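Visitor: So you can see what is in the structure, the chains are spelled out below.
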Amino acid sequence: MGPLDFNVVLRNLPYLWSGLQLSLLLAALAITGGIFFGAIMGVLRMSSIRPVAWLALGYVNFFRSVPLILVIFWIYFLVPLLLGRATGPFLSAWIAFTLFETAYYCEIIRAGVQSIPKGQISAGVASGMTRLQAMRYIVMPQAFRNMMPILMTQSIILFQDTSLVYVVTLRDFMTSVATVANQDLRLVELYLFAAVVYFAICFAGSRFINRLGGGFRR
Amino acid sequence: MIKIHDVSKWYTDFQVLKSCSVSIARGEVIVVCGPSGSGKSTLIKCVNGLEPFDEGEIVVDGLKVADKADLRVLRTRIGMVFQNFELYPHLSALDNICLAPMVVLKRKRAEAETRARALLARVGLTDHASKFPLQLSGGQQQRVAIARALAMDPVVMLFDEPTSALDPEMIKEVLDVMSDLARDGMTMIVVTHEMGFARRVANRIIFMDAGEIVETRPPETFFTAPESERARVFLSKILGH
Numbered sequence: 001m002g003p004l005d006f007n008v009v010l011r012n013l014p015y016l017w018s019g020l021q022l023s024l025l026l027a028a029l030a031i032t033g034g035i036f037f038g039a040i041m042g043v044l045r046m047s048s049i050r051p052v053a054w055l056a057l058g059y060v061n062f063f064r065s066v067p068l069i070l071v072i073f074w075i076y077f078l079v080p081l082l083l084g085r086a087t088g089p090f091l092s093a094w095i096a097f098t099l100f101e102t103a104y105y106c107e108i109i110r111a112g113v114q115s116i117p118k119g120q121i122s123a124g125v126a127s128g129m130t131r132l133q134a135m136r137y138i139v140m141p142q143a144f145r146n147m148m149p150i151l152m153t154q155s156i157i158l159f160q161d162t163s164l165v166y167v168v169t170l171r172d173f174m175t176s177v178a179t180v181a182n183q184d185l186r187l188v189e190l191y192l193f194a195a196v197v198y199f200a201i202c203f204a205g206s207r208f209i210n211r212l213g214g215g216f217r218r
Numbered sequence: 001m002i003k004i005h006d007v008s009k010w011y012t013d014f015q016v017l018k019s020c021s022v023s024i025a026r027g028e029v030i031v032v033c034g035p036s037g038s039g040k041s042t043l044i045k046c047v048n049g050l051e052p053f054d055e056g057e058i059v060v061d062g063l064k065v066a067d068k069a070d071l072r073v074l075r076t077r078i079g080m081v082f083q084n085f086e087l088y089p090h091l092s093a094l095d096n097i098c099l100a101p102m103v104v105l106k107r108k109r110a111e112a113e114t115r116a117r118a119l120l121a122r123v124g125l126t127d128h129a130s131k132f133p134l135q136l137s138g139g140q141q142q143r144v145a146i147a148r149a150l151a152m153d154p155v156v157m158l159f160d161e162p163t164s165a166l167d168p169e170m171i172k173e174v175l176d177v178m179s180d181l182a183r184d185g186m187t188m189i190v191v192t193h194e195m196g197f198a199r200r201v202a203n204r205i206i207f208m209d210a211g212e213i214v215e216t217r218p219p220e221t222f223f224t225a226p227e228s229e230r231a232r233v234f235l236s237k238i239l240g241h
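Taken in order, these protein sequences are the chains called A and B.
Take the first sequence: its letters are residues 1 to 218, numbered as in our numbering.
Take the second sequence: its letters are residues 1 to 241, numbered as in our numbering.
So here's chain B without its partners, still in its complex pose (with noise of 0.2 Å):
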């Protein structure tokens, strides 16, 4: 479904990705994880072409990413939800989920309202259709992002961070629409420092330090016998508290 092969990337002189290679099959759940500055958030954005990359491959779904015509045919497929969550502040939660498959995908009003409308059901804010992401909690406006990605059908979500920026009491609501998310079936990429939801929801676990991934494992082994250093280190740091 997604290959990763070999990417590298540079700011200058600064190498923020070193030969970064991983598969991941239809369905898994991937969490990627690490110390901050790791490139975990940068490694993510390269596999929907947000940052570019100097040297390797992607291919997602049979597309390249990067030839520029396929890029934003592979956009529509790969949802992205960010941490700071990007809702569009002037449009009310249904339009939110809207906009992109009415200006992308060319859908009509109705049809694209009605999938808003389920879609806002399944992450649990039916009552809050007609409301401003400014008048949604935080876990409340990550979940209209995770429904607008979910709006293009995508094949893919990709999530940065998606619950860093939220009070601890939110960050429960989230996660569990992304448990639901795995449990049917999505392929999915999660960077965060949620080792809970890691345990739990994960295939796999990749661990990246300094710009390279350091392992690439399944949760179980991963958390009680990191192979390397490095992830021993980390995994002190944030278990330990």
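Excised from the complex, chain A in its bound form (with noise of 0.2 Å):
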């Protein structure tokens, strides 16, 4: 092996970009459904209803006992044979992470809303207020500050976790680099680049986080 030579990345960033913006593009659609059913499943899940509660306690344990691989790929089988139809591998992907992570981010924003103590919603209960208007006004603005670190993290967790869709054939930024690494035998070059390049997203995303993680003014 000769000596390292960048030149090959440069060579291949349109392909490598159109990578990196299928897993951006994926992370941020996942990221979007996952929260959107997470807190619905999470109101499901504190409902006073058992049955209703104990339905979507059953869903979080199902998902978060699974491997996220073997989702994509039933969803990759399984939705066209219930709509009939192929989805493509970018929907079912799509679906698949989103059920995925439903489970993950109803978990946090459960957590983050009973981590609000009861006598919140008495005070404004007490003051008049529907419960309703309680939990949009006093409960959820403070779970949203102190579960905003956690979905942060889980969110960076699930961009990572793109990396996983070669297995329904999407060429997701992962795969655009083992495909010009094998191509052009510039193996060192491309994983250290993928490294670098998961890297900084990351750490950005964490540092953001941290920024917010400072909470209520104490």
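Just so you know, these hints were derived from the structure itself, not from any lab.
No experiment lies behind these values; they were computed from the predicted model shown.
Hints may be right or wrong, so weigh each one.
As the list claims (entries may be wrong) - Computed beta-carbon distance windows for the label pairs:
| hint | chain 1 | residue 1 | chain 2 | residue 2 | range |
| --- | --- | --- | --- | --- | --- |
| 1 | A | Y191 | B | S137 | 54 to 64 Å |
| 2 | A | F208 | B | T114 | 32 to 42 Å |
| 3 | B | G62 | A | K118 | 29 to 39 Å |
| 4 | A | T32 | B | G124 | 23 to 33 Å |
| 5 | B | Q135 | A | P117 | 11 to 21 Å |
| 6 | A | R207 | B | Q15 | 27 to 37 Å |
Virtual Cβ for every residue (Gly too), placed ideally from N, Cα, C.
Build the complex from these two chains, which are given one at a time in their own frames, with help from the hints.
Guide: Shown next, in the form of structure tokens:
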């Protein structure tokens, strides 16, 4: 193996960039879907109607007990069967990530809401608010601040996990890197580059979290 | 003004309130005392429906507690002050006071803020409007909580052990604010162990034990000549030291 030649990265930059775009887009869509359905699932999980809470708990336990890569596979093969037509790997990956991450976001949101003392709702309700108003103006702003760091951490993990979509033939950033590396036989350069890119994105993300993590002025 | 009639409440098998009855006139200050676990807090939380009760009836200012539709209207007229203040930590003192008037009474922000500043002045905290609860001392927090309750222009104020969570040197500043309120003619029900306050400010003392209202009497006779053996034992315990 000769000296390192990073020109290979520059030469293939558009190709690598399109891979990274897919990773970022999938992560962004999955985070949005996961938090949206996670919030709904979190509400169901806290429901006072027992069977509803149990169903939500069952969902969470199920998806936390199976590997993500398996879920990606399942959805890729199952959704076309259910819909009767092919959905394409990207849509099926999005669905898989959303289903999977919903379970994790659900628990984060539930824990965040339950971290707020019950007396806070009582104070709101005692001043004539409905429970919904008390949730909206008193509980949610506090809960959201409490759970922000964990939400962001989970989202960074999600972004890293998008590299699993190679199993359904999607060309994400990691797959693009591997392709170039094997074609040009520049494995060291390419995998170093991949490490730097993942590190830069995730490190920027966690720095952002730390700045948010200050919480209330105390 | 407030009529509590034959109210009973159970936690599964355990009866926390046993046929409690008392009528309270406008402008009266009632202190509720008794050993811990005697149902004092539960009783005043029944008055604004924070605690549901199983039997009996409570009427406040002509509105029946328990009618779900009336309950929210009722709560806007009943201010409540909690043992642990329950200020909203994500809002400044001023915003703590403005929130319910804006959300529930649909007041404009400017109007709510003007009123809130006046109330902060009234509880002696003019300079602390923009501070957050955790930047304030316990006594200051409780005074903000009182201002917050007053912002709804209540006709009745409920105090659930308002000084129990305070350091001794801060108790007076809160009791002073409460005494001022009483002097201004507010109808108040106060659960407290502060017998000095009870003696000075209360019109009547309700003594509770094991879920029952044992005595309802003016402070002069309650402290000097309690009727029941249970009140005598209680008073000897808390006044003895």
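Visitor: Are the hints correct? Go through all of them and say.
Guide: Hint-by-hint comparison with the structure:
1. A/Y191 to B/S137: 54 to 64 Å: Check passed, 58 Å falls within 54 to 64 Å.
2. A/F208 to B/T114: 32 to 42 Å: holds (39 Å)
3. B/G62 to A/K118: 29 to 39 Å: holds (30 Å)
4. A/T32 to B/G124: 23 to 33 Å: Between A/T32 and B/G124, where Cβ atoms are some 48 Å apart, the hint is violated.
5. B/Q135 to A/P117: 11 to 21 Å: About 19 Å separates the Cβ atoms of B/Q135 and A/P117, which means 11 to 21 Å holds.
6. A/R207 to B/Q15: 27 to 37 Å: violated (58 Å)
Hints 4 and 6 from the earlier list are contradicted by this structure; the remaining hints agree with it.
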